[in-house]
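Protein chains in written order, with this note's numbering: chain A, 38 to 144; chain B, 33 to 143.
Honestly, the hints are just simulated from the structure, not real lab data.
C-beta: ideal position from N, C-alpha, C; glycine also.
Hints are supplied without guarantee of correctness; some may be wrong.
To be verified - Computed cross-link-like contacts, DSS-like style, restricted to lysine-lysine with a CA-CA straight-line distance of at most 30 Å: (1) B:K110 / A:K143; (2) B:K115 / A:K143; (3) A:K39 / B:K115; (4) A:K116 / B:K115; (5) A:K143 / B:K74; (6) A:K116 / B:K74; (7) A:K39 / B:K110; (8) A:K79 / B:K110; (9) A:K82 / B:K110; (10) B:K110 / B:K89; (11) B:K89 / A:K79; (12) B:K74 / B:K115; (13) B:K74 / A:K79; (14) B:K74 / B:K89; (15) A:K82 / B:K74; (16) A:K79 / B:K115.
As the list claims (entries may be wrong) - Facing chain A, from chain B, some residues (calculated, C-beta under 10 Å): (17) V36; (18) Q38; (19) I70; (20) L71; (21) F97; (22) S98; (23) P102; (24) F133; (25) R139.
Stated by the list, open to error - Footprint (simulated), chain B over chain A, 3 or more residues, beta carbon under 8 Å: (26) 56 to 62; (27) 130 to 137.
Each chain, letter by letter, is given below.
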Amino acid sequence: RKEVEQDPGPFNVPEGATVAFNCTYSNSASQSFFWYRQDCRKEPKLLMSVYSSGNEDGRFTAQLNRASQYISLLIRDSKLSDSATYLCVVNINDMRFGAGTRLTVKP
Amino acid sequence: EPEVTQTPSHQVTQMGQEVILRCVPISNHLYFYWYRQILGQKVEFLVSFYNNEISEKSEIFDDQFSVERPDGSNFTLKIRSTKLEDSAMYFCASRGAGEAFFGQGTRLTVV
Numbered sequence: 038r039k040e041v042e043q044d045p046g047p048f049n050v051p052e053g054a055t056v057a058f059n060c061t062y063s064n065s066a067s068q069s070f071f072w073y074r075q076d077c078r079k080e081p082k083l084l085m086s087v088y089s090s091g092n093e094d095g096r097f098t099a100q101l102n103r104a105s106q107y108i109s110l111l112i113r114d115s116k117l118s119d120s121a122t123y124l125c126v127v128n129i130n131d132m133r134f135g136a137g138t139r140l141t142v143k144p
Numbered sequence: 033e034p035e036v037t038q039t040p041s042h043q044v045t046q047m048g049q050e051v052i053l054r055c056v057p058i059s060n061h062l063y064f065y066w067y068r069q070i071l072g073q074k075v076e077f078l079v080s081f082y083n084n085e086i087s088e089k090s091e092i093f094d095d096q097f098s099v100e101r102p103d104g105s106n107f108t109l110k111i112r113s114t115k116l117e118d119s120a121m122y123f124c125a126s127r128g129a130g131e132a133f134f135g136q137g138t139r140l141t142v143v
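Starting from the given sequences, assemble the full structure and let the hints guide the process.
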């Protein structure tokens with residue numbers, strides 16, 4: 038089983054749609070969790086940390102289920118500028134990345 | 033805002049040559065990482081470095097790779113004898129207590 042697995046995508050959605058990404062991780066000792074965003078040929082940039090109680094940042098909501106070892110990211114009212122690859126990142130002692138899910142938001 | 037800086041932004045080298053990729057992490061960070069991303073593929077962990085030594089390395093990080101923190105600011109990745117398949121974007125990252133911050137990457141092209 039891979040350390041971090043994500044929906045393969047790609048997701049192609051119209052502007053204004055709600056889209057959800059899922060991620061599972063294999064190591065129950067994982068300590069912290071993040072969603073990063075990566076634009077084409079650029080470095081990954083932090084989108085948001087994921088807290089046990091769930092957290093929201095504007096149109097973005099992240100959830101963590103430690104029992105199921107599952108993380109999610111919900112994007113509401115998607116914008117053209119949300120088009121990117123979304124990376125699930127799990128920290129044990131190192132930051133381990135999922136393969137990423139590509140999102141394209143179309144007019 | 034503090035940032036991780038990497039040099040060079042693009043390096044072209046001949047197969048079999050040695051390359052050194054340089055990174056200046058954020059100054060008060062304690063954890064340092066190298067990742068690589070082959071074009072169109074996922075970000076892959078290479079190595080982590082803490083307290084002046086390697087704390088974890090992946091199976092990709094074989095004997096041709098080495099890392100150094102030669103002074104208080106630089107963190108380098110050396111590839112001793114480059115292969116064609118080493119062509120990739122190499123990202124350096126550093127972390128304090130929370131999330132990791134990435135440099136803009138060095139695109140390595142081995143010809």
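To see whether the hints hold, each was checked on the structure:
no., hint, in the structure
1, B:K110 / A:K143, "42 Å, violated"
2, B:K115 / A:K143, "40 Å, violated"
3, A:K39 / B:K115, "26 Å, holds"
4, A:K116 / B:K115, "41 Å, violated"
5, A:K143 / B:K74, "24 Å, holds"
6, A:K116 / B:K74, "24 Å, holds"
7, A:K39 / B:K110, "28 Å, holds"
8, A:K79 / B:K110, "22 Å, holds"
9, A:K82 / B:K110, "25 Å, holds"
10, B:K110 / B:K89, "14 Å, holds"
11, B:K89 / A:K79, "24 Å, holds"
12, B:K74 / B:K115, "19 Å, holds"
13, B:K74 / A:K79, "13 Å, holds"
14, B:K74 / B:K89, "17 Å, holds"
15, A:K82 / B:K74, "15 Å, holds"
16, A:K79 / B:K115, "23 Å, holds"
17, V36, "8 Å, holds"
18, Q38, "9 Å, holds"
19, I70, "12 Å, violated"
20, L71, "9 Å, holds"
21, F97, "15 Å, violated"
22, S98, "18 Å, violated"
23, P102, "22 Å, violated"
24, F133, "7 Å, holds"
25, R139, "8 Å, holds"
26, 56 to 62, "violated (count 0)"
27, 130 to 137, "holds (count 8)"
Hint violations for this structure: numbers 1, 2, 4, 19, 21, 22, 23 and 26, all remaining hints satisfied.
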